Every structure is written in structure tokens, then in C-alpha cells.
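Take the sequence shown: its letter number 342 is residue 342 in my numbering, and every next letter is one higher.
Each hint should be verified, as a subset may be incorrect.
As the list claims (entries may be wrong) - Each pair of labels, with its calculated beta carbon distance range:
1) N100 to N332: 40 to 50 Å
2) T326 to N242: 24 to 34 Å
3) E341 to D183: 44 to 54 Å
Said to hold, decoys possible - Pairs of lysine-lysine residues, derived as DSS-like cross-links and limited to a Cα-Cα distance of at most 27 Å, are as follows:
4) K45 to K12
5) K180 to K116
6) K327 to K338
7) K315 to K338
8) K138 to K75
9) K121 to K45
10) K75 to K18
11) K12 to K304
12) K177 to K121
13) K9 to K45
14) K180 to K138
15) K337 to K18
16) K12 to K384
No lab work stands behind these hints, which were simulated from the structure alone. The structure displayed is predicted, hence computed values, not measured ones. Even for Gly, the Cβ is constructed at its ideal location relative to N, Cα and C.
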Amino acid sequence: MGQFLDKPKTEKHNSRGKNDDIRYGLGSMQGWRVDMEDAHATILKLDDNYWSHWSYFGVFDGHAGFRTATKAAEKLHLHIVSSLNTLVQDNLNGKSPLVNIISSQLDFNKFEMAIKDAYFKFDNEWREENRINNPDDKSGSTAISCLIDTERVFFLNVGDSRAILVSNEGRVLLATKDHKPSDQIERQRIQEAGGTVLIQRVNGSLAVSRALGDFEYKNNSNRRPDQQLVSPEPEVTCHTRNLTTDSGKQEEQTALIVLACDGIWDVMTNEELAAYVLGRMHVTNDLNEICNSVLDMCLYKGSKDNMSLIIIAFKGAPIPSPEWKTKDETLNNEIRKKTLEIYNRNPNKTTLDSNTIWQQVVTSLNEQPSIREALPVGGGFISK
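When you get a sec, could you build the whole thing from the sequences and use the hints?
In C-alpha cells:
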């Protein structure tokens, strides 16, 4: 059986929440993998002091075990808060403490340094804890997360999980960069640290060039954390919400964020997922339902990995409309009707398998322009 099961585990884990600014839905599925190594963080209120108006979300895709991903989901945000608190306190210069900090009060370069310091401290603390409690653990984890306040969104990325930020018109406004050994900058660091890139992997083994944990790749005491074979350094990017032009006209409104592990991105492009999620939001306001439909669709599209995603919706996101809901239900009824028709006209019903029936349904309905036009954008028949 190796690292895969005989059949996928399709049970789903969901959670949801909201505050005055945003709402989120989370979905995850073990899929074909023997173990579930993903973990997640969903924190609507980062703390009760400086950062009470900030939210934090993260998806952590573990490999070689679940421990690093689980620890990052539990503790990384605490290191971030501590590091940002130090940043604020160091810049008070005897002034009264600030409360309810907004991102425009922060210098981005100093903010970025504080975030990186938090990741380095987390990784070092986890190394020591592992050395004492789990000396044989070799796990690592990617980390895609975001910090949201009323003005900006900060994306913090380590590895090949990914985030996209989508406008209410369906345009991908921002997508984080995957950290792969094949990337020129990543390859250069690996080689300078004495490693090689073979078959697109660090030393022919690890498929990501940045990760938390993976301490067997971080043993050169003469090099900084960000100079190791595998680096825990986050790439920090910032997007200002609801930008306005010089004339005062508001540009495309920020609608949603998707954070997802590579089990999703292996089978869907940024544009496909953006279009699909945005389209489903015209049909339902249940973000968990949308998450689950993405998980099922990716499984059917051939993903063999654990799958996790978080959808974060802003006030500018679409809301369900009667027209879209009617169109979707009509499509579902047509699919049911055609499926039953094909099943009933076959004399050897017991020998029919679901894939054969479905292919006949798709072939038949695909000839009808009205059906094709009603299919979910970014999903098509496979989403049904």
C-alpha cells in the first residue's frame, strides 16, 4: 500500500466563523494519503491589546509526519504577536502605548523584519523541543498564512502552499510565490549551503526549498537560518484593501482570499479556483459548502495528497442571487434526469459503473449550449 490508501478517506473537517469585517470557512480531507498531516489556524481576534482588530489564518502542510504542522498551527501566531509587540514597544520612545494598531501606523520594512524574527524564533524553539521530546522526528511543514486588518492584508509564505486574493470581478489580484528548489534564487542558496538540486528536490529528497522543521537540512552552524539548505524565512507581501485612484474612484473591491495546500493547487490553477469559488458564492453563502465542493472536485481531478483550504470573504464578496440559484438547480435537475435516463435504457444495469454513466451524461449534455453556459466557471462538469 505504501504511502497511499486502497481508497480515499473522504470525510471532511469543517469550521467557520465571522466578525464585523470578514467571515471564513475551512475544509480539509485526508484523501488518498495514509495519514493526515495538514493543520490549520483560524483566529479572528489576534489578541486583546494592540492587535485586537487583526485576524490571522494559516494552512500548514506537513511532510514526513504531522508534528511540525500541528505545532506551527498552535504556536506560530504567538511568536508573531510577541515579535510585533516588541516592534511597537521599541518605537514608543516614551510615548503612551498605542491601542488598536492599524497597519498604516507601521513601517513595512520593520514589520517584515519582525515577522521573519518570529519565524526564526519559532523554528529554533521547535528544534530544541523536538531534540528533547522527539529526537527521531524528521517532520517539516509549509506555512501559508495571512494577517488582516481593516486597511491591509499581509501574506506570509514558506514553501509551496499558496494564497490568492481575488477581486469581486474575479481577477486574481495577488498570488504568493511557491518556494521550489528549481527556482533560481532558491537553487543558489541551496548550492551556496553545500547542497544540490536533483530531480527538482533538495539533495534529491525534499520537494520544497523553504519549510519549518526539517532540521536535518539546517545543521550548518556557520550560516544564518535564511542561508541553510532549507530556509524557514517567510516571504512577506502586502496588499492594500480597496485601493482608490488619484481621482478618488475606487478600484476593484477585494472579495475573498483562499489559502490552500498543494493538494489543491496540483490540480487547479489560481484562475480556475478563483472563478469557481466566486461563482459558487453567487449560489450559496455557506463557505463550508463551497470548501467541501472544492475538496471533492480536486479529488475527482486526481489529487493524491491531503487537501485543505480556507476561504475568507470580505464584505465586497458576492451574495447569492435568485437567478444564479435557479440556474444551478435547473442544471442539477438536468443532470439527474439524464443520469436516470441513461441508466434505465441500458438492459444490463448491474454491469454499469458510475464512471461509464457519468461519461455518457457529460457527452450528451455537453451538446446543449444552455447546459454549457450554466456550468460553474472554473469547475465545469467535474464540479458536479
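Here is what the structure says about each hint:
no.: 1; hint: N100 to N332: 40 to 50 Å; result: 46 Å, holds
no.: 2; hint: T326 to N242: 24 to 34 Å; result: 31 Å, holds
no.: 3; hint: E341 to D183: 44 to 54 Å; result: 51 Å, holds
no.: 4; hint: K45 to K12; result: 25 Å, holds
no.: 5; hint: K180 to K116; result: 19 Å, holds
no.: 6; hint: K327 to K338; result: 17 Å, holds
no.: 7; hint: K315 to K338; result: 38 Å, violated
no.: 8; hint: K138 to K75; result: 19 Å, holds
no.: 9; hint: K121 to K45; result: 22 Å, holds
no.: 10; hint: K75 to K18; result: 22 Å, holds
no.: 11; hint: K12 to K304; result: 15 Å, holds
no.: 12; hint: K177 to K121; result: 23 Å, holds
no.: 13; hint: K9 to K45; result: 33 Å, violated
no.: 14; hint: K180 to K138; result: 19 Å, holds
no.: 15; hint: K337 to K18; result: 38 Å, violated
no.: 16; hint: K12 to K384; result: 18 Å, holds
Comparing the model with each numbered hint stated earlier shows that hints 7, 13 and 15 do not hold.
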